[in-house]
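Chains as they are written, first to last, in the working numbering: chain Z, 385 to 679; chain Y, 385 to 679.
Hints are computed from structural coordinates only; laboratory data are not their basis. Don't take each hint at face value.
Identical copies carry no separate label here, and so any pair may be met within one copy or between two of them.
As the list claims (entries may be wrong) - With a straight-line Cα cutoff of 20 Å, these simulated DMTMM-like cross-link-like pairs (lysine to aspartate or glutamate) come out: (1) K566 / D642; (2) K514 / E665; (3) K514 / D664.
There are 2 protein chains.
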Amino acid sequence: MQRYGTVAIIGVGLIGGSIGLALRARGLARWVIGIGRNEARLANAERLGAIDAATTDIARGVAEAEVTVVCTPVTRIADDVVQASQSGLAKMLVTDAGSTKLKIVEAVESNPRACAAFVGAHPIAGSELKGAAHAQADLFEGRVCVLTPTERTPADRLSRARSFWMDLGCRIVEMDPEAHDKALALTSHLPHAVAAALAASVPGELLPLAAGAYRDGTRVAGSDAALWAGIFCENRLPVLNALEAFHSRLDAFRNSLDAADEDGIRAWWDAAHARRGLFDELEPAPQTGRVDGRQ
Amino acid sequence: MQRYGTVAIIGVGLIGGSIGLALRARGLARWVIGIGRNEARLANAERLGAIDAATTDIARGVAEAEVTVVCTPVTRIADDVVQASQSGLAKMLVTDAGSTKLKIVEAVESNPRACAAFVGAHPIAGSELKGAAHAQADLFEGRVCVLTPTERTPADRLSRARSFWMDLGCRIVEMDPEAHDKALALTSHLPHAVAAALAASVPGELLPLAAGAYRDGTRVAGSDAALWAGIFCENRLPVLNALEAFHSRLDAFRNSLDAADEDGIRAWWDAAHARRGLFDELEPAPQTGRVDGRQ
Chain Z
385 MQRYGTVAII
395 GVGLIGGSIG
405 LALRARGLAR
415 WVIGIGRNEA
425 RLANAERLGA
435 IDAATTDIAR
445 GVAEAEVTVV
455 CTPVTRIADD
465 VVQASQSGLA
475 KMLVTDAGST
485 KLKIVEAVES
495 NPRACAAFVG
505 AHPIAGSELK
515 GAAHAQADLF
525 EGRVCVLTPT
535 ERTPADRLSR
545 ARSFWMDLGC
555 RIVEMDPEAH
565 DKALALTSHL
575 PHAVAAALAA
585 SVPGELLPLA
595 AGAYRDGTRV
605 AGSDAALWAG
615 IFCENRLPVL
625 NALEAFHSRL
635 DAFRNSLDAA
645 DEDGIRAWWD
655 AAHARRGLFD
665 ELEPAPQTGR
675 VDGRQ
Chain Y
385 MQRYGTVAII
395 GVGLIGGSIG
405 LALRARGLAR
415 WVIGIGRNEA
425 RLANAERLGA
435 IDAATTDIAR
445 GVAEAEVTVV
455 CTPVTRIADD
465 VVQASQSGLA
475 KMLVTDAGST
485 KLKIVEAVES
495 NPRACAAFVG
505 AHPIAGSELK
515 GAAHAQADLF
525 EGRVCVLTPT
535 ERTPADRLSR
545 ARSFWMDLGC
555 RIVEMDPEAH
565 DKALALTSHL
575 PHAVAAALAA
585 SVPGELLPLA
595 AGAYRDGTRV
605 AGSDAALWAG
615 IFCENRLPVL
625 NALEAFHSRL
635 DAFRNSLDAA
645 DEDGIRAWWD
655 AAHARRGLFD
665 ELEPAPQTGR
675 VDGRQ
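All chains should be modelled from the sequences, with the hints used to inform the complete structure.
Structure (structure tokens):
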């Protein structure tokens, strides 16, 4: 039943908070320790029941942990993984929840002790909302968690990482870090950039005439600027390539429209419609509205 | 209570069906006559309670109507308005629900009898779903309906059109047809084109790694191809201009990313975030999930 003694979570926001809630709701850990830099936010996460205890000291927080999950912004994850692994027990598993993987994995693997403890992970779940206040115990249920082991990842850590994320409700997909980053550039980072470009393309005074297409198309533009600027820069080249792919698709439309080629537009639209239909078959619509457990 | 004797609806799909349901739910009309080209679809709309009776003959359907609402695809609206106005009572108001206005209004005004009966309208409500089966009696509640009168629109018809759309729950905004089309190119047609381009940009084999940002960003790509090819072509130049505006916004992002300018990306994102925040202030999130009363 209680699979873990102590689990430490570094960064108790939407994702870290949801991991804490899930561990506690499922009775998986005896202790869930939250680690962060901001005491007020930690106190809030504790009050919300996402963690049992809190500290701003990584070394202290991970001292007893069997598993440490790093849920800080992507630009800070590698440092936090290294720091945790220096202080933790020799048997500790360290995993993360970062939206990019290649740079993180490379940085972690340059440190032997961190490399021996670490399995890169990306649970594909989230929302545009921020902070433990929006955390949900069921955020990971049925969601894909990509693990990005390399030839340097110890087999026992990989096996424990699989179990850990499955315990939270995830389905496991394994990819190498570079393939992960290329895929997510298209499936997640591109949709975020497009949403933000779309949001700003409509002048404020016309917003009363915007409705569902704008609302849904720009929802994720409500996400945190610093978080996303970090993700884009960490995954710069794959995102630039994804933008090229998108540009070509939109240019095909522009050219058909310029030529008033209604049949061409219809064929272009049909292809998009079919792709979206394929997604719907894989991914039934969620029950809830705004906080939807997906990013 | 019962404000209208007979109301005729030409085109009983999602929008026409919702108008019928709203008229009947609110007890506004004694008779709601559905007019269409497909008998099976008309029978279905009648079975669903969206209309009281049906015919495929426009002249017969509008013969007793005080109000005729044309809800066919934009490329057919002007013809249907002209045809209805030739057969209807001298006092009849004809209005429509088309997503574009300039070409429709120009075509209608070239016919004196149609011009004397017509007030262009666009209730900004809908969804990616199609057909009377998805119609909702409350589709128009609280939604904006843009009326596009010109100097040739008779004052009494304008006043009756305002009342009619308000009776269905709409808030009225009046604009000239050209201003409407330029605004909607940005607020609705652009988001649809972007959604379709985004949908097709992600290869099918990567869709299992797509989640909420893709799902919401591409929802309206599930809309009908013929319907949207028609809208884009009817509103060709404003849509081409809207694409330019969007391209500039996305290029600004691309250039910052190319230069690895994290601060520039953050500032770019902040502007988008603020614009989206402005929209949220105007437009609280709907209660329902997929069919959301907005297009």
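* Asked: Hints broken by the structure, by number, lowest first?
  -> none
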